[in-house]
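Residue 1246 in the numbering used here sits at position 84 of the first sequence, and the numbers go up by one each step.
Keep in mind that the hints are not guaranteed to be accurate.
Here are the simulated distance ranges between beta carbons [said to hold, decoys possible]:
hint : residue 1 : residue 2 : range
1    : V1190     : L1339     : 34 to 42 Å
2    : P1278     : G1229     : 17 to 25 Å
3    : S1279     : D1169     : 18 to 26 Å
4    : P1278     : F1238     : 19 to 27 Å
Keep in mind that the hints were calculated from the coordinates and are not lab data. From the three backbone atoms N, C-alpha and C, an ideal C-beta is built for every residue, glycine too.
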Amino acid sequence: MDRLRRDFYRRSTLTVARELLGQRLVMVVDGQRLSGLIVEVEAYIGEDDAACHAACGRTPRNGVMYGPPGHAYVYFIYGMHHCLNVVTEETGFPAAVLIRALEPLEGLEIMRRYRPSRPDRELTNGPAKLCQALAIEMGFNGVDLCTGEVLFIEEGRMVAQEEVGTSPRIGIKADELAMSVAWRFYLRGNAFVSR
DNA sequence: TATACGATCACCT
DNA sequence: GGTGATCGTATAC
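Input sequences plus hints: build the corresponding full structure.
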């Protein structure tokens, strides 16, 4: 399978978010592939987006978002969870796509070990859940998804426009504009989309 | 140095 | 549908 190249990420964040649906996120653990189809994402775009981590300017925490496209932005939240984003647009402009849910494809046995006593449907149907299932933590913040051998994104399957649903982003507290724009994209009817 | 809170989840009712 | 867990950040003092 072909790896997504940097030009894919160096585009409008909404375009990248929409086109990430149906691609395959891959993590290699001890030579074993853990992977899943991306079925739900959210776009966070620039310092003018009140819900974006860059809304208050650049800090050590969000610095990766200001860097070159095609890198992983991983952050720690609520004292116990990790979330994975991919950096988009030109270097210097802070924007990223949050990966919210996957449909598991490879390495289910290992994912079940990382998320014990959970039904398969709940392995990767949330941004922090998929990080736990794929063993993604702060060590992956800033890694290059275009050249790395451990964490990367491959071409998946084609997604028809009619298959794509949109909605406001989930779980954010910000101004009215940020809370109302439909910057969440998901595959309609997919069992692994969160709620 | 101190404090408030969050791009969530799990478990309870 | 409501709430507690739990701690790194950002911001204020």
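request  = Determine whether the Cβ-Cβ distance between S1279 and D1169 falls within the hinted range of 18 to 26 Å.
outcome  = 42 Å, violated
task = Confirm or reject the claim that P1278 and G1229 have a C-beta distance inside 17 to 25 Å.
result = 35 Å, violated
query = Is 34 to 42 Å a correct range for the gap between the Cβ atoms of V1190 and L1339?
reply = 40 Å, holds
Whether the CB-CB distance between P1278 and F1238 falls inside 19 to 27 Å = Given range 19 to 27 Å: holds, Cβ gap about 21 Å.
The structure fails to meet hints 2 and 3 from the earlier list, while all remaining hints are met.
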